[in-house]
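Hints in hand, dock the two standalone chains.
Heads up: the protein sequence lines correspond to chains A and B, in order. Following the numbering used here, the numbering of the first sequence begins with 2 at its first residue and continues without gaps. Following the numbering used here, the numbering of the second sequence begins with 32 at its first residue and continues without gaps.
Bear in mind the hints are in silico, worked out from the structure with no lab data behind them. Be aware that one or more of the hints could be misleading.
DSS-like, lysine-lysine: derived pairs with alpha carbons at most 30 Å apart [what the hints assert, rightly or not]:
#, chain 1, residue 1, chain 2, residue 2
1, B, Lys127, A, Lys59
2, A, Lys442, B, Lys39
3, B, Lys127, B, Lys178
4, A, Lys260, B, Lys195
5, B, Lys170, B, Lys86
6, A, Lys260, B, Lys233
7, B, Lys195, B, Lys294
For clarity, every value in this text was computed on a predicted model and none was experimentally measured.
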Amino acid sequence: MEIVQQIVFVVALAATGWYITKRIQLISRAIRLGRSENRTDHADERLRTMLLVAFGQKKMFTNPLVGVMHFVIYAGFLIVNIEVLEIMLDGILGTHRLFAPVIAPVYPFLIDVFEILAVGVLTVCVVFLCRRFIVKVNRFQPERHREMTRWPRTDAAIILIAEILLMIAFLTWNTSDSVLRDRGVGHYAALQGVIPDFLISQYLKPLFINFSDTALIAYERIAWWFHILGIMAFAVYVTYSKHLHIALGFPNVYFSDLKPKGEIQNMPEITKEVQLSLGLPVTTGTDDSQTDDNGQQPAEIGRFGAKDVQDLKWINLMNAYSCTECGRCTAACPANITGKKLSPRKIMMDTRDRLEEIQQGWKANGYDYKDDKSLLNDYITAEELNACTTCQACVNACPININPLDIILQLRRYRVMEESQAPASWNAMFSNIENNMAPWKFSPTDRFNWANQVNEVK
Amino acid sequence: MPTETNYKVPTMADMAAAGEEPEILFWVGCAGSFDDRYKRVTIAFVRILNHVGIKFAVLGTEESCTGDPARRAGNEFLFQMQAVSNIQILNGYNVKKIVTACPHCFNTLKNEYPELGGTYEVIHHSQFLQNLINEGRIKVKDGQSFKGRKITFHDSCYLGRANKVYEAPRDVLEALDADLVEMKRVKANGLCCGAGGGQYFKEPEPGKKDVNVERTEEALSTGADTIAVACPFCMTMMSDGVKNKNREDSVRVYDIAELIAQKEGL
Ligand code: SF4
Ligand code: SF4
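Chain B on its own, in the form it takes in the complex (with noise of 0.2 Å):
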């Protein structure tokens, strides 16, 4: 399977000019375009796209940011100007329903968009994936096994506390049969990795340490080998999390799409 070559990734402007339009819109996101670690996880969650037949499109280089650490930052007016013209684009296409695997495009595209003009139906992946399994469209093989594993879930502030995503993720790690093990907060009391609110483009302020790192010391007290995430961001602050408590060889951190992928051997 994964010597397979043939995977899709059409664009909304391949599609118009075909005179078609797909099912749903993968807003990438900025990190899941451009950072080397979660170029991976966009990848996994397409070649998913591909293996379940849906029809899919990315807008591919008319995609922009949504605005959201600018409007987070106190920087309103950039914000404005983005989702603005984003929103043009994305009504230009008729664009009904999104799915995208970051929480922070999540967040501003369901919840921050409609009062600027664009209302879609905006899911995100972990959400998207959770229903394939419940309608039996990923009959979870056994690409990887996972029996054994011990997995801890970080819940995303801007999915969790900020939109009640909570059973989802934990949902699909579930099809994993893997033995999914609950740090000390989380849910509604997660503790936020530390690089939301703009908080990820510059230094911490000064304090005791960083919130990465008491967040990744959490996560290693359950005992789990891997830290599943489901946010770009959180993706890079557990990364470096483990690494700053040198266990990067025993530890690692993957996005809930690639643990799917790798179950199906994708």
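Isolated chain A (complex conformation) (with noise of 0.2 Å):
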């Protein structure tokens, strides 16, 4: 019997590691899509970085309570994979808490903790689902936010409830464990005198009392079982879910942005042309982002600005794949509060849409696949990129320094370089400044008439 469940583990844990490795191809192929950009520099401030940002989560605290409440799932998850180590290896070799003799003294002390986390966990999720879905917090609402319709809705019930049975599977298997023990039922009885009853799950005894002893065996493995299989099923989801951030999130604010926020990346590739027509001698080619790996300027530039997730760069397909769905950006967009198209949320969600769909593309037709669908119109609309005052709040709000404001001015430049699809009152803008250097239509003979009246009186 205990071979036959050791093999049934082994199976299924082989299965749940080659299916998450194919995921993590099929994203990390995705990703690298986009095009190359160095993100290597200033690796002590990266560090720093991610340390006080991932680790810390130093933005979730900008609104302390949920802040906390954040902290106790995410200490929770982190802490909990010390437990899952036992359950894998008891799994596996067929043991039952092998670690409790080994590290006797500290062993009650270890699952006290987890327990604790674990009821942290379960009632965080409980007011999360409250907040979602009762006290309807505004960033999450379909009413007000059309990005958030059924599957993202649904994702986030779907990953608080699984936390929440986890979280009951795990605290009632101890208690179911602790009486099996306690009457010295099989192999459970060689735990007595090794373990204690653990802090929180020995009050929900009363709930086992009437069990008979076969019953209680057969909860005592369901709940093992449900605990163990639901974490690899959570694993796999994940990959398919927002909550991808759990893993994402930790390289993709090592690779943040460094730079001051208000400052727009150049376009090398420009600058040259720039130069060749005002005369001058060619300065750039030193830029490494713009270079192959032979430090070679690529032969062939490709467009100007972004049409496709093709001509973004890897760093922003990341991001979209780290995305939390939080809407903390959007919260803070003055376009989105005051009733425009726009949500940087959306711009992320719909960057990452576009990733699946290509794989999808790839799955059935093979990785030389293309449709003829882009980023730009089939998912991003004029109006949503025209409505951004590029005033970073998005990323500032951002949690894990995800930048939509760079996406979105990708797009913007694709518009109006390859396209010339701007707004007309920005082509008049275009052609002022050409024409009479500010963006006015003001002779520019007229720009120092102001120092005429610095002697009036006001």
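Encoded structure:
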């Protein structure tokens, strides 16, 4: 019997591992669709940012209460992995609480900590469900945000409910295990005197008092299997969900933009053209973000700006896979606040949806497959792009340093430079700058006229 | 004092001809040169520069748009045409230090020109005024008293969030001895006036209301009678907002340089 369980466990573990590996390969292939961009400079500053913003969750604490709640789930997730390690080994080796005798003095303490965290996670998940579906926190509501369609909402609910069930399974498993130990049934008896009752689960004993031994053993096994298979299923599911941020959040923050928020990235391929047209010596070509692996400038320059995901940078695409759809960016966006169509969260979700669509195409037709859709127009419209004030509120608000503005700007560049599709009044502004050296239609010779009034009394 | 009529505005060309170099270049910006309302800010600032005796100069007709609105609207080519030719002029005059009242010029000159070959020390006029006050070069006298007046400050995105200059304009306002009241969304969380990213030069997209109206409502709800700004675009947007709310009789929008000039009686 034991050996059957071991075989089933190993098969399940291997299947999970194999499946997740495939998913990782596919997602990283999708991210590598993007253009190259060097984000490995200033390693020390990057590390510091990652420690503060990802590990320390610094930006989550802008709202301290939500910060603390999210921290509980996060800490629970990180720390419970120690317990998962024991479960894994037990599952493979057919043992029962393998670590208990080995680390006897600290074992009960560790499990007590896990139980406290489990209760914490459970409570917070319930609170988060209420915030989403009963109290109706604005940024999650489909009535206000058209990107919050059924799937993003279901996705959030699935994860919260799954976590609640996993925690319940963990706690009741500890209880049923203790009761079996107390009764001295089978191999459970071996733990008598090795582990005491645990901090929280002991209070659940009354629930099991009327169970027969067989029923208890059945419950203990079911809870154990549910817990661990649940975790495996969760791990697979996460690769399809906004909850991928639990993994990608860390590299995403490590590779975040370190420049001042107001600085828009230069386009060296244009500098070259400008220098040529002004008859100046060409100075670009040293920017490694634009060179290939041999330090050569690519022979053919791609599009100016971005029409589809391939034209964006890999970091934009990683941003898309890391986005938690929390909507903090959108809640801070002045355009969105005042009812315009633009939502930075939607920009990120659209980018990911487009990547997922390309993945589907790959799966059905091989990696050379191309469709005739694009991120611009099929997903993101001109109306959304034109509403952005480049105020960087979204960039500032994102708890994992995602930059929706960067994508918006690259799409704008494509529309303006490749398609000449700027709004008419922008075209007028452009020609004013070109002809009058100012965005307005004033004569450049009048530029200094204000000086005549310096000595006039106000 | 207000009758004083000997303020000077030297140009770089004049200075170069006289074989001199100013301590600082005052970058006026398009709005500061052409917008009737913002010209008054330019003038106030020039009077302050004269008053404290700083050796400064302007480019005059040699100045040209930094290219900020073009770049943000997506016209990178036009931006770089502007930037590269401005850099030629600035480097030609051997400019080292620039002060400007426009956060957009400030951000572009400071952060975006270096990659194109123009590296300068760039400071915003709020920082410049803060320094003058700290150094005691402006000892705020009583030209106009601000005692008991409620002032609220609207953070400009390109000064605040973009470059983390939050305290300098507030320090300047503190020096006025007025009552500084903060809005609901300030500093890193400040709400845009709605003009950045080229929005100033086109109609807003359809929505519930305009951004400047939303922001003006926030400003008015503080009960302040003065909305202080440190950006020409914020100036227009907030003034329009106040008009939209029919409060132009009781609420005024001023740039921080104007307030200091008033306090100094310049
Ligand atoms: S930068 Fe654009 S998208 Fe981001 S918050 Fe501001 S207006 Fe919204
Ligand atoms: S971009 Fe950042 S702030 Fe916006 S929804 Fe995604 S994770 Fe949240």
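To see whether the hints hold, each was checked on the structure:
Between Lys127/B and Lys59/A, the direct Cα distance comes to roughly 37 Å. Violation of the 30 Å bound is thereby established for this hinted pair. Taken as a hint, the Lys442/A and Lys39/B pair is honoured in the structure, with Cα atoms around 28 Å apart against an allowance of 30 Å. Between the alpha carbons of Lys127/B and Lys178/B the distance comes to roughly 39 Å, so the proposed pair goes past 30 Å and is violated. A distance of roughly 12 Å separates the Cα atoms of Lys260/A and Lys195/B; the hinted pair therefore holds under the 30 Å criterion.
For the hint linking Lys170/B to Lys86/B, the alpha-carbon distance of about 19 Å falls within 30 Å, and the restraint holds. A C-alpha spacing of about 29 Å is found between Lys260/A and Lys233/B, which places the hinted pair at or below 30 Å, so the restraint holds. For the given pair, Lys195/B sits about 27 Å from Lys294/B by alpha-carbon distance, which is consistent with the 30 Å threshold.
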